[in-house]
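Position chains B, C, D and E relative to chain A; hints supplied.
Line order of the protein sequences matches chains A, B, C, D and E.
Under the working numbering, the residues of the first sequence are numbered 1 to 104, in order.
Under the working numbering, the residues of the second sequence are numbered 1 to 491, in order.
Under the working numbering, the residues of the third sequence are numbered 1 to 615, in order.
Under the working numbering, the residues of the fourth sequence are numbered 1 to 175, in order.
Under the working numbering, the residues of the fifth sequence are numbered 1 to 500, in order.
Don't read these hints as lab results, they were simulated from the structure.
All values derive from a computational prediction rather than experimental measurement.
Check the hints yourself; a few may be wrong.
[What the hints assert, rightly or not] One-sided excerpt, in silico: chain B residues whose CB lies under 7 angstroms from chain E:
no.	residue
1	LEU388
2	TYR423
3	ILE485
[Claimed, not checked] Subject to a maximum C-alpha distance of 30 angstroms in a straight line, what follows is the list of computed DSS-like cross-link-like pairs (lysine-lysine):
no.	chain 1	residue 1	chain 2	residue 2
4	B	LYS189	D	LYS128
5	B	LYS89	B	LYS356
6	A	LYS89	B	LYS89
7	C	LYS443	C	LYS516
8	A	LYS92	D	LYS128
9	A	LYS89	B	LYS145
10	A	LYS89	B	LYS356
11	B	LYS189	A	LYS92
12	C	LYS559	E	LYS450
13	A	LYS92	B	LYS145
For every residue, glycine included, the Cβ atom is placed at its ideal position computed from N, Cα and C.
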Amino acid sequence: MDGLNIPLNHILLVSSLLFAIGMMGLMIRRNIIFILMSLEVMLNSAALAFVAAGAHWGQPDGQIVFMLILTVAAAEVAVGLGLVLQVQKRFKTLDMDHANRMRG
Amino acid sequence: MNAQLMMALMPILVLSLTAVVLMIQASVKRDQSVAWVITALGLLLALWGAGYARGFTQPVTVLLMVDDWGLFFTTLILVAALVTLILSKDTFSPEGERKEEYYLLLVLSVLGAVVLIQSSHMVSLLLGMELMGVALYAMIAFPEKGQRPLEAAIKYLVLSACASVILLYGFALIYAATGELSYAGIGLKASIAYAQNPILLMAGTAMVLAGIGFKLSVVPFHMWTPDVYEGAPTPVTGFLATVSKGAVFVALSRFFVEGQLYEYQSLMTALAAVAIASMLIGNWLALRQENIKRLLAYSSIAHFGYLLVVLIALSYSGAEAGLIRESITFYLAAYILTTLAAFAVVASIAGEDERKNHIASFDGLFWRRPIQAFSLTVAMLSFAGIPLTAGFIGKFYIISVGIQSQLWWLITALVIGSAIGIYYYLRIIFAMTMSSGMSSGMSVNDEGEDQKNVAQDVVVSSQDVLAMLLLTMVLLLGTWPQPFIEFAGRL
Amino acid sequence: MRELIWLIPLIPLLSSVTLMLAGSRLPRLMIGIAGVGSVGFAALLTLGTGINFMANPEPFQLTLWTWMQVGSFAPGVAFYFDGLTLVMMSVITGVGFLIHLFSTEFMERDESYARYFAYLNMFVAAMLVLVMADNLLLLYLGWEGVGVCSYLLVGFWYQNSANGQAARKAFIVTRIGDTAMALGLFLLFTELGTLDIQAMVGIANETWQVGDNVALIACLLLLAGAVGKSAQLPLHTWLPDAMAGPTPVSALIHAATMVTAGVYLIARTHGLFLLAPEAMMAVAVIGIATTLMAAFTALMQSDIKRILAYSTISQIGYMFLALGVGAWTAGIFHLMTHAFFKALLFLGSGAIIHCLHHEHNIFKMGGLRTRMPVTFWSFMIGSAALAALPMTSGFFSKDQILLQAYQMPGMGPWLWLAGLLGALLTAVYSFRLVFVVFFGAAKTEPDKDTGWRMALPLTVLCGLSLIGGYFIIPVQDVFPVGSGDHPAHWVEYVSISVPLFGVLLAYLIFHTGQLKVDSLVNSRIGQTLRQFWLSGWGIDWLYDRLFVRPYYALSGMLKSEPVDAIYGLIVAINQTFNHWLSAAQTGRMRWYIVSMVFGLVVLLTLALQISPEVL
Amino acid sequence: MLEITLFYVAATVALVATVLAMTRTNAIHALIYLIVSLLAVAVIFFLIGAPFAAALEIVIYAGAIMVLFVFVIMMLNLGEKGDQQERQWLLPKIWAGPALLAAVLFAELLYVISTVEGPVSTTAVSAKEVGLALFGPYVLAVEIASMLLLAGLVGSFHLGRRYLERDGFDDRSEK
Amino acid sequence: MVMVNLILILLVGGVLALLSERVNENMPRRVALAVVLFDLVYFLIHLSGMPELTQLQAPLPDDPSTWLMHFKADWIPAFGISIEFALDGISMLMVLLTLVLGAVAVSASWTDVIVRRGFFEANLLWTLAGVLGVFMALDLFLFFLFWEVMLIPMYFMIAIWGHENRGYAAMKFFIFTQASGLLMLVSILALVAVNQSATGQWSFSYFDLLNTPMAEATAHWLMLGFFIAFVVKLPVFPFHTWLPDAHTQAPTAGSVILAGILLKTGAYGLIRFAVPLFPQAAMDFSYVAMVLGAVGVVYGAVLAFAQTDFKRLIAYSSVSHMGFVLLGVYAWNELALQGAVMQMVAHGFSTAALFMIAGSLQERLHTRDMREMGGLWQQMPRMGAVAMFFVVASLGLPGLGNFVAEFLVLLGLFQVDPWLTAVAALGLITGAAYSLILMQRAFQGEPNPKLVDQGLMDFGRREMLTMAVMMLALIGLGIYPQPILDIAQPVLQSLLEVTP
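The shape of chain A in the complex, shown without the other chains (with noise of 0.2 angstroms):
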């Protein structure tokens, strides 16, 4: 496997548009549901900006943060989904616009 020549900064730029996209979807859905999708590309975005940072420097660091973004997104989407179910049944909805009783 020697010899990758994929040039750093277009792995990144990859991982630099996911982010965008992500960023983008989190700021535009109003369901719930699409809004935690939105923030698991942006984390996964996050995971190949490291991975390829780690690869850059033949580091197994990357790939151990990689690990542990893993373990965040599971945790936070198990809560996350938890929440969700508890939206829809005391909200009657999943959009996200709906939930602005506190505000000013």
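The following block gives chains B, C, D and E in isolation, referenced to the frame of chain A:
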């Protein structure tokens, strides 16, 4: 891993153990008072552990740095957690049953905060922050009824996760630039990396700051604060305001100092902009807020703006580094104690009834619950930075540091912000002095009612004791700070 | 005796304080005894001191204590006694005593009997301090003290707000002069280093040449004070209104004593005025202008007290004229005689008013000659003295003034002519009063004639008005001696005959009606002039428009506190920010995310502004 | 060259799939696109010398976590109505602003990334190396991660249990 | 220790007063009076050992032992902060004034406050304690502490026992003074920082901070920080707008303390700190300050004239009178300074008395609107006479304290700037206008028919006694001010030597 390391990790170990014991207890027999006792014991033990670990300060692997400074904040956070625990028992009981998970989450969240405080590495920062956060999401959404807690939790989760991703991405860029993940490593390599490619490093750092800024709720990442403060159960709000923010700020300072980020002009400019905006906008937002929890949320925005001044001062050689560290220590300690005092009162007066969070429901508190009212008054004065309170000495530190570093713009913003702040802190105090139907101090004689209220208050409740304790600490730090200053200087 | 002069002001003061504290509990008799007795005692003491002084006419000084000492500024509570002081003190205590006595009857039925005597005694005390003061600061104390007493007494019947208005006007208008005088004191102290009058004059003569500008300014400032207190142009407007007070008060304060304080001040500081000839000229011009203005106005008035008030203004104008031309002795002499006959006239008018149920309009009186003989004779004598008919006291004093004015180099004859015109007018208006009030048909019936407590002072004052001209006042050592040469005899004859001619005119116009002036009066110019003079030359109107209304307008405008608007603006700005920012807290999560991303973009942009140097 | 070609293909797939995932109206469709995207990223991991990461990406991310989503979507029983709503919510006037903002953010990142030079890596990091590091200096991280998962577990347990216990799937009765 | 005890007695006395309410609701006022009088006596006893007034030593700024009293104990050594009190002539005068007026204030609250008397008297005593601290503290940190803390009980007094608009007034009062206090805090810290960089030593002691060398521009800015804090408190145009509201809305005792004592802390601060710490800067600035003072004199008088609210009128008259103090301080010669000190004392008495009269009227008539008064003299001759006395005192009648003060100020000012003196002297005329209109509207004129048969109580024995104290004080100051001048003289002497 040798024994020394284990000793140094004592608070973390104790907390983890407490979590495990709680799990076991819940699986054997669900009994929330037992769980409460176990949690309390665990936290107390961890407090002891924090003291014990002082003898063994050292870096523990690359991830954690156990030093006196961190242990002091660990202690502080454990105290805050204990206060939260006491408040949770008295005022927060969803449906009156099944709070075992809540206690477990509390312990886990504290654990996350401790990790965060002692973190010296990006990974421990991430894990600590997330552990604290994930547990908090569930704590916020813990009540089984009502939309507000849920709304608060989901907002906090989504926004916080978004901030975490930004932080992660920032670290990824820093990692790409330096090849280091530990603060010290970043500090070592940063100047070389900066010389090669300043943009990558600066962008990464800026993103990290944005992510941490979110947790500290500084402008422009502050929007979530009032909603989450309002929606969360009051003890949880208190926890969020003290433990979470305090730990994150400590982590930020570590990252800042050890990563030597104060050397970069553009970063300091950005941070100064954030600080100024926080001081002003936080106070402006609080100006006419009627809900006391939202008001405290806005005021916390301003307070972290004040604190950022100290970090910015790092980059100027005017102030001594020791003084800066002392300032952070003192201000954070004062802020945490004051906030706890405030939330202790809010929790015991307003409870979970959202209508009672309105300032108007504090009307005449002086005559109904004098101890609580006095405590809240002192807390407000401390927030406002009036002498004899801890908050004043804190502000004294910040202004001193700012002056020595000649940060005139920041000091101007601080002065303006504080001046605005006086207004809304005073509004609360004023509300407490009012009495219903008393249009003038002399015209209406409503003593009868007052006498009755006074009579009720002869019995001093546990909430009053708690309020008195916190009050004493705030006043003690304000009137006789010397021992604490010496102590902080040695950290 | 000399060491005891401090008792002279103290006794009335003590009486005053006693009456204030315990007045409501004392019987009327006691009040009267205290009020009159204290002044009488003071008069006796003055008399004793005067005899002592005449035996050994050496001025002396008595320091009670140092009032305040700040650095070199160390005015004492100290009295200075010389001939001038003696004259003034005699007038104050003597005439004062008579007026007090008169008041016991005049105020008999007033419920605030004690308060009245308390004020009056206090006034006497303050006036005595004024004339006895060794330094200008103590003089200023007396000066302000008499002002306050005047205010209190003018507004004595406080329940009528017009009286209050008049009292305030009196106080504030004189305060304008007082303030200028205070500035003069500052200037004098700053330049000369002391306020002790004798020492000051001495130093001034060493420091300044004649005609020095600083001396001129200082004298003008002092003059402003004198003008205010003595109701001279342009600050005379308060005096006619001050007639709102009880008539004995008008007699004492607004005729005999306080209003002449300005004359006293200038006479006392003549050493300074001699250094500033322009200031002297100003004094003379103000004096003569006031004389004429007030005389014309008096001619038109129908309120008996206002006629007398304008006459007072006019007569003080003569005194100013005297001072201005350097006829110091004549000025003071006129001050004294004027005190006699003007007090007489005022008390007489008080008797009329007292007996006519507070009627002030002379055209509603008439034929009182037979019904109130004492009063009639008092008025006759008083008016004769006022008009300076030969052999009356006024004749001697006024004649001297006119003659010395004539002798003044340069403007002298003109001043003399104007003075003559004034004398003519004086005779006309004073006898107009006599003829209208005491002759002709009766229009109102007096319920009685005066009692003895009123008659006695009137009689004594009649005597003084008649023989006062033969007194020799002991001021020869105080003032520089005049040239001593006399002007041509025709000047003297003219001066003598003019008042007689005036009396004749008055007789023809107002008594027999042989001289018809109706057509003259009713012509357009006549009417306009009449209105103009009646309103006191429109000066009140002018001041109202120039100062009073603008001041009210200003204070009304500022009442809403414009400065607070600045702070209101600050508050409004903060509230606006609060409003906007609170509106941004929409509670919508997507918006929060947008704001966060926006913040991130800004932060990145800022952080990427990489400057070449590393901190 | 093969690797590079593969990389571009995988990158394109990942990006397109992500964009599609973000713009779907049907949650399940979106989820499937998301899984495609994750798989494509796994390919990239493999190509840049992180095979272990690639495996985890497929097993845990695409496998475990996405399945959680599927469960929840099924539990909530989102139907056609939801799709129509989603369509209404995705009008240009809604997304134009955020898209612009995201574009600006991307532009800034692009500017940052464009300064990076050099190939991504010359040697692969083996699973062994990763393992050694993980249980060497990072052992504490593993422990803390376990606590993190515990927190997630307890949290979701608390939230989810109430959903199931109290009202089950049907909450129409509670109006 | 005497000075610490003075403060402690009041603090503890406050607690006692608070607790004594449980015994009897009339107890607190007795306790409060006893405490203040005890404090006064305690102070006088310790003063009796002092040398003759005329032989007082000039307190040297570099040698605290030359002061009348000096006390120093470590407090926060980390910053060189100590509990340092010192007493010189001026502080002594101010302390005496505070305690005497404190007793007057307690008397004013005797029947005025009917609810929560214990807490009221406690706040009153605590305010006094704070004020004493301000007058005696010579450590800048300690000074600032007292400066801020004394406001809190004052705030409570206004906010709880004030009149209809008390919330607004209390808030405005607090924000004005606190915001300006913040500027002073910045200045203090900057001064300490400058001193520290010069000497390497942290110190907040006045004695160390005098003669701190600094750049001209720095000195100007720092001086401004002190200046603003002090002139807001004084108050000086255009920072005065809190005062009419606070004074009007405060309960009588509160107004007495505010006008009688609290305003003087501003003047004291100027004399003690603002000028000596930055002599050159202060002298450069003096013209601006004097112009502000002169404007304030006239402006306050014009606004006082426009008022219909009795207390508001007095409040504006304070603005006018305090303008003289500012003029006196910045004229900075012995005459003017003596005048300023004198004005502080005399105004304390005259205004306190007027506020007490206003309070008595409000208590009897339930209004402060002068349009609803009129002719009150007839029913309450004693009150009328007393009012007349203090009105003429406040318009500067010679023979009473205020005259001495104003005359000295103007005399001193004349030597510095005659034109400004002329402007300020306008205040004498306008002062007469508003003083007399006050008298006219309330006590003179036609009696208001609504009030005629009310059976209004005239001043009683307690009130007359209180008033007599103040009247005697004013007369004493007016005809023999020498003791005050002698006490202040050495202090001013040494202060004058500070400036170039």
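Checklist entry - Any CB of chain E closer than 7 angstroms to the CB of LEU388(B)? => result 6 angstroms, holds
Checklist entry - LYS443(C) and LYS516(C): Cα distance at most 30 angstroms? => result Satisfied, since the Cα-Cα distance of roughly 23 angstroms is no more than 30 angstroms.
Next on the checklist: Against the 30 angstroms threshold, does the CA-CA distance of LYS89(A) and LYS89(B) hold or violate the hint?
Outcome noted: Measuring from Cα to Cα gives roughly 27 angstroms; hence the hint holds.
Item to check | Pair hint outcome, LYS89(A) versus LYS356(B) [Cα-Cα no greater than 30 angstroms] | outcome: With Cα atoms ~26 angstroms apart, LYS89(A) and LYS356(B) stay inside 30 angstroms; holds.
Checklist entry - Going straight from one Cα to the other, do LYS89(A) and LYS145(B) come out at no more than 30 angstroms? => result 10 angstroms, holds
Item to check | chain E contact restraint for TYR423(B) - C-beta distance below 7 angstroms | outcome: Check passed: Cβ of TYR423(B) comes within 6 angstroms of chain E, closer than 7 angstroms.
Checklist entry - Regarding the pair LYS189(B) and LYS128(D), is the alpha-carbon distance no greater than 30 angstroms? => result At roughly 27 angstroms apart (the allowed maximum being 30 angstroms), LYS128(D) and LYS189(B) satisfy the hint.
Next on the checklist: Need the status of pair LYS92(A), LYS145(B): alpha-carbon distance at most 30 angstroms?
Outcome noted: 14 angstroms, holds
Checklist entry - Taking 30 angstroms as the top limit, are the C-alpha atoms of LYS189(B) and LYS92(A) close enough? => result 53 angstroms, violated
Checklist entry - Is it true that the CA of LYS559(C) sits at most 30 angstroms from the CA of LYS450(E)? => result Holds: LYS559(C) and LYS450(E) sit about 27 angstroms apart, inside 30 angstroms.
Checklist entry - Against chain E, with CB atoms and a cut of 7 angstroms, does the hint on ILE485(B) hold up? => result 4 angstroms, holds
Item to check | Pair hint LYS92(A) and LYS128(D), alpha-carbon separation not exceeding 30 angstroms | outcome: 49 angstroms, violated
Violated hints, in rising order: 8 and 11; the structure is consistent with all others.
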